[in-house]
Each structure stands twice: as C-alpha cells, then as structure tokens.
Amino acid sequence: MSWRKVLIVDDEVEFAAALSERLLLRDYDTKAVYNVDDAIAAIKQDPPEVLLLDLKMPGMSGIELYRTIKELYPSIEVIFVTGQACQDGDETIPRGAFDCVMKPVDIDELTIKIDKAKQNIIKK
Amino acid sequence: MNRNGDPALTPFMQSILRPFTNFVNAIKKDRYKSLKLRLFFYIGTLAGLPLIGIAMISYFWVFNILKDEFRDHLRWQLEDSQRSIESFLQEKLAGLRFLTNAYSLDELSDDTMIHTIFAKFRKEFGEIVDLGLINSEGIQLSYAGPYHLKGRDYSNQDWFQEVSIRGVYISDVFTGYRKMPHFAIAVRREMPGKHAFWVLRATVDVETLNRFLSSMQLKEYDDAFIVNKDGILQTPSRFHGKILERAALKFPVPAQDLSLMDYKRDSIYLEVGYAHIKQSSWVLGMVVQSTASSRMIELFTKDVGTLYLIIVLVIIGSIANSIITSSVVNRIQEAEQRREAAIAETEHTSKLASIGRLAAGIAHEINNPLAVINEKAGLMKDILQLIGNFPNKEKFLSIVFSITDSVDRCRTITQRLLGFARRMDVSLEIIDMNETIKEVIGFLEKEILYRNVNLDMNLSENLPKIESDRGLLQQVFLNIANNAIDALQDGGTLAIATGKKDEDTLQVIMRDNGHGIPKEVLKHIFEPFFTTKEKGKGTGLGLSISYGIMQKLGGTILVESEVNKGSTFTVEVPVKASIDLRGL
Chain A
1 MSWRKVLIVD DEVEFAAALS ERLLLRDYDT KAVYNVDDAI AAIKQDPPEV
51 LLLDLKMPGM SGIELYRTIK ELYPSIEVIF VTGQACQDGD ETIPRGAFDC
101 VMKPVDIDEL TIKIDKAKQN IIKK
Chain B
1 MNRNGDPALT PFMQSILRPF TNFVNAIKKD RYKSLKLRLF FYIGTLAGLP
51 LIGIAMISYF WVFNILKDEF RDHLRWQLED SQRSIESFLQ EKLAGLRFLT
101 NAYSLDELSD DTMIHTIFAK FRKEFGEIVD LGLINSEGIQ LSYAGPYHLK
151 GRDYSNQDWF QEVSIRGVYI SDVFTGYRKM PHFAIAVRRE MPGKHAFWVL
201 RATVDVETLN RFLSSMQLKE YDDAFIVNKD GILQTPSRFH GKILERAALK
251 FPVPAQDLSL MDYKRDSIYL EVGYAHIKQS SWVLGMVVQS TASSRMIELF
301 TKDVGTLYLI IVLVIIGSIA NSIITSSVVN RIQEAEQRRE AAIAETEHTS
351 KLASIGRLAA GIAHEINNPL AVINEKAGLM KDILQLIGNF PNKEKFLSIV
401 FSITDSVDRC RTITQRLLGF ARRMDVSLEI IDMNETIKEV IGFLEKEILY
451 RNVNLDMNLS ENLPKIESDR GLLQQVFLNI ANNAIDALQD GGTLAIATGK
501 KDEDTLQVIM RDNGHGIPKE VLKHIFEPFF TTKEKGKGTG LGLSISYGIM
551 QKLGGTILVE SEVNKGSTFT VEVPVKASID LRGL
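Protein chains in written order, with this note's numbering: chain A, 1 to 124; chain B, 1 to 584.
Read the hints as simulated data drawn from the structure, not as lab findings.
Be aware that one or more of the hints could be misleading.
[Claimed, not checked] For lysine-lysine, the following DSS-like pairs were computed, each having C-alpha atoms within a straight-line distance of at most 27 Å:
{"id": "1", "chain 1": "B", "residue 1": "Lys381", "chain 2": "A", "residue 2": "Lys113"}
{"id": "2", "chain 1": "B", "residue 1": "Lys376", "chain 2": "A", "residue 2": "Lys56"}
{"id": "3", "chain 1": "B", "residue 1": "Lys523", "chain 2": "A", "residue 2": "Lys5"}
{"id": "4", "chain 1": "A", "residue 1": "Lys116", "chain 2": "B", "residue 2": "Lys376"}
{"id": "5", "chain 1": "B", "residue 1": "Lys501", "chain 2": "A", "residue 2": "Lys31"}
{"id": "6", "chain 1": "B", "residue 1": "Lys523", "chain 2": "B", "residue 2": "Lys501"}
{"id": "7", "chain 1": "B", "residue 1": "Lys576", "chain 2": "B", "residue 2": "Lys565"}
{"id": "8", "chain 1": "A", "residue 1": "Lys5", "chain 2": "B", "residue 2": "Lys381"}
Throw the hints in and build the complete structure from the sequences for me.
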C-alpha cells in the first residue's frame, strides 16, 4: 500500500499539517501544501492519487484549482474539504468531484472515502 | 425552561409585558366597538336628518294651518255668539217698542190687560221673566210676572235713570228687589203734550245669557263669559270669578268690535277673544287654552296607527342600521386580522431567514478553528496510542478524548446550523408516505427498544403516492419522532398515523403521551435555538428546520399539547409539493 499518495491543499496551515501527519500515521503517503501555486507545483512534480482540496482559498478558489487539475490530470480523484455545507447552493461541489467532507473532519470517515477513491482509480 | 444564553429573560419579560398586551388587546376590542357605535350614529344621523327635517317642516306647516284654522274657528264661534246675543236683545227691544206703540198707557196700566199682553209676548218672544210699566216718577204702575213688584219705586235705580235719558236701555246684570241676577230691557214712551213719559220694562234671567255661552263648544280648560264696561262679570265664569264680581282678567279689553289675541300665562299659551255686544255695555269674552299645539298633539294621540307606524319604522331602521354597521365593522376587523396575521408570518419567515444567514456565517467561521483543534487533538490521540506507556498516559488520553468529544458536539451544532441555513435543493420524486415513515422508524428502532417505547402504528392503506422530497420529509419526521421519544417516559406510547386530510393533502400525525408542552413554550417551539433540552443535548434547531422544510414543500406543521398528557404533531404534506421559494 505504499502508493496511496494523498495531497492536501488548504490555506489553514495548522489544519493541513496536522491532518497530513495523521494520515501519514495511517500509512498514507501524504503531503500538505498551503497555497494554490505550491499545489500546482507539487502536483506537477509528483501527481497524487487523491487530492484533498479546500473549497475556499485566497487567490484561486478550490473549484478553479480543481478544474485546472482535472484538465491536466483527469485520473486524480478530488475530495473537497469544506467549512461549509457540502451542498452549498452558491458554490456547488462540481460533478466530477469524488466526494466532500465537512470540517471538522472525522478521520475515519475521511480514510474510508480516500480508500474508496483509490478503489475507483483501480477500477478505471 | 432552559434557553441558550439568557435562560429566564423571555418569561420574565413576558410577565412584565402581559398586562400591557392585555391592555392593547382590550383597546383593539374597544376600538371596534366604538367604531361600530360611531358608524351606527353617523348612518343613523345621515339617514335621519332629512327625515327629521321634512318632519319638522311638515309639522310647522300643519301647525300654521291648524293655528289659522283654529283662530278662524274661534272667531266664528265668537261672532256667532255675539250675533245671537245681539239679535236676542234686538228682538226683545223691537217687541217692547211695538208694545209701547200698539197699546196706550191706560191699556197697559190695567192689570188684566198687562197679564194678557205678557202672556202673548212671552209666547211669541219667550225667555222674558216679566213685564212691567213704570211711570216717569219711577213707580211701577202695573206688573206681570212671578214676583210681586207692583208699586215698587225704581226712581233711584241706574237703569231707570239711563232709560229716562236714552229712551232705550239694556241694563247690566243686577239682583234688584227679587234678589236674582237678571237684566232689564226698557223702552221709554213720551206722552205727547205732557212733560212726562212711561217706560215698558221686561227682565231676562241670566240663565238665558248662559245658554248662549254654553252653546259655544268649550273644552275643559276653556272659559266664556260676559263682562260689562267696568269689568264686572255678567255671567258666571269658570276661572275668572263669580257673577257680579270684578272679573279677574289679566287681559286688556280692546275697544274694537271683535278681536283675537295670543297670550301666554304661566307658560301656557292662551287664545283670548273679545266681542262687544251692541246696544249694551257688554263684552263677550272667551279664553281658550286648547290652542293649535294641543290640537297637534291630539292629532297624533288620536291617530295611534300613525304613531305605531313611525315607531315600527324607526325600530326597523335601527335594526337594519345595526346589522349593516356590524357587518361592515366585522369585515374591517377580519381584514385587519388577516393583514396582521400575514405580517406576523412574513416577519417570522424573514426572521428565520436572517437568523439562518447569521448562523451559517458563524458556523463557517467556527468550523475552521474547530477543524484545527480537531486535527491537533486527533494527532495527539494518534501519537499517544502509538507510543509506549508513560506516566499519566491514561489521563492524557482521557483529556484528549474529552477534547475530541467536545469538538464532535460543536460539529453537530455547526453542521445543523449550516443545514438550517442551507438553501435546500429540493429533489422531487414519487414516494410512498407509509414507506417513508417506516424508514424513519427504522432509524429509531434501537432507541425505541432501549427506552421500551410502545409504538402504535396506524398507517392508512390506499394513500396516494405523493411527489415530494423523501430526504427532507424524513428529516422532519425524524425530528418530531425524536422529540416525542425524548418527551416520553420509559414505557410510554408513540402513536403514528397517516391519512388523507383532503384530496390534495396527506397528514402524518405523531402523538405521544409524554410530559406535554406548556403554553409559554408552545409559542416559541418553532423558533431557532429554542430548546428545553439539557445543555448539549439539543441545538434548538430541529423543529425550526423542520418547519422551514415543510414551508418549502408547501405543507405545514401543527402542534397541540397539554401538560402531562402529551403532544400531537400533525404534519400536512401536499400530494404534489409546491416549492416555496421564499425564506430559507
């Protein structure tokens, strides 16, 4: 299971760092970046399998970043992580996104979703 | 009651405000009552004024006619009596004159002769008491009549003086030798070639005059009489004195032939008439109290039918007026109440909406730091579980667990807040109401078992399939059922029934026999953040969200409750959801 590569993109540094560490402890190959530019750079350098993406970030919004990434790497599954409701009417979760979790995150729920996303990739 | 933040403020404020609220309600009630009265008065006045005007004009019109007619009638009566008396006197005078011409002094001096003449005269002219012949010395030479007056000396009596000067004389009433009120009619006859004369005299009883007066149609308070030029009553009078006494008259006697005057005595209107009687010093007087106005009253009181008709018409008018007024004011009241209700509902909806937006904002802002706490605590937990034993490890772990538990509690609140605020994406599908309910009960099965709750399901067969949002409906039912179970003591009963309210609406009734909801609480039950549950056990959003959902789906939630007997929630669900775009 060494190739469970997960990238966390969230401007909330403490959150992203802690979550990253926790996922590492659970044997996920996790990395956290804290802005859009770093995210794009990190993906280009080493594309993850699952991307945990904050819906709202300074600069480019999570959704814009999602579109960019999906264009470049359609195989990456994206799970949105949001402080708002997952079905918010104004900023709907895009159709192609794999799933959505709400902050504060339940780590077990998240890992289940990541595993499902990975299985999805294998099916493809 | 335990309300987040300010536990006792609302009931306290309400208890302060209650007298004021009652006062305002009382004013409102009074306002409609006084409006009714005012309207009744205005309409009555508007309708009544022209009527009263016409009635008054007619009254004065009729009154004037009556007055004229009445005066004419009086004048006619007065004239009639005047003429009767005058012609009576004239007749007697003419008769006496004839006798003085037809018979000589010698013939008349003869007692037998004068008796014969008197008898004939009386037969023809009537109403004379006696007949006497008096010489120029004033001695009665012969006499025919009921009294013994032959030989009497009249030389000192006024009438004799007068007749010896004037030749013809009608005396005032006097008692004379016979002690009976009477008057004399006398005619003088010159004796040719001598400086002497004789006088033929007849007397008439006052009764005769009275007869003329009583022939006038007088009413109870009216009076008619004859006075002489000195104001001495010549006939008896009802109200103005006895015969031969000075008349107690307050009205001046005019010098003219006949006159009618209006007088006011002791606030009573009187009609006073006078007529001079020719050949005499007499004035015929008439005082009539039954004036035109009393005739007017008579006109009404006699014609009772008219009076009843007027009264009946006024009563009918008043009833119609009060019916119209009541219905108009009731309509106004209804319209105002509807308007107030609509305003209250709009206020409630917009209150919910603005609280929703605020709640969402807060929830979002709190979620981010909460997420940090959660991850940090989680990480601590992970690390603690990975590393070996060390002093106080268990304590650390329990602290971390209580942190993550608290975060979970916060998460429940913020996620519900967000759910409350969320613009719900309604996805309509054809669903079976009974199935939907059964699924909800499925979620609660464990709780029901654990609490030993009796579940009394009474689901109506043949319910039409409905078009609505299954998820949202289930959220509503779950909320209400959860509350019901919380309200129940172990072993209580939760009854759930489905049925048709009408063609377009199904209803789901959830009844518990739990502790019930006090009236004060019932008012606030759908307000966000209102809860009576223990701290941490309820967010105060469940029913508020449910209410919003049912509004959204075009339905509603009704609640009835009695303390210690239980509560009944009725959810009305339209067969075809009409999505309400307002509010949440």
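Outcome of the hint check:
1. B:Lys381 / A:Lys113: This hinted pair holds, its Cα atoms lying about 21 Å apart.
2. B:Lys376 / A:Lys56: holds (21 Å)
3. B:Lys523 / A:Lys5: violated (55 Å)
4. A:Lys116 / B:Lys376: holds (25 Å)
5. B:Lys501 / A:Lys31: Violated - the C-alpha atoms of lysine 31 (chain A) and lysine 501 (chain B) are around 59 Å apart, more than 27 Å.
6. B:Lys523 / B:Lys501: With Cα atoms ~25 Å apart, lysine 523 (chain B) and lysine 501 (chain B) stay inside 27 Å; holds.
7. B:Lys576 / B:Lys565: Roughly 34 Å separates the two Cα atoms, so the pair is violated.
8. A:Lys5 / B:Lys381: holds (23 Å)
Going through the hint list in order, the structure does not satisfy hints 3, 5, 7.
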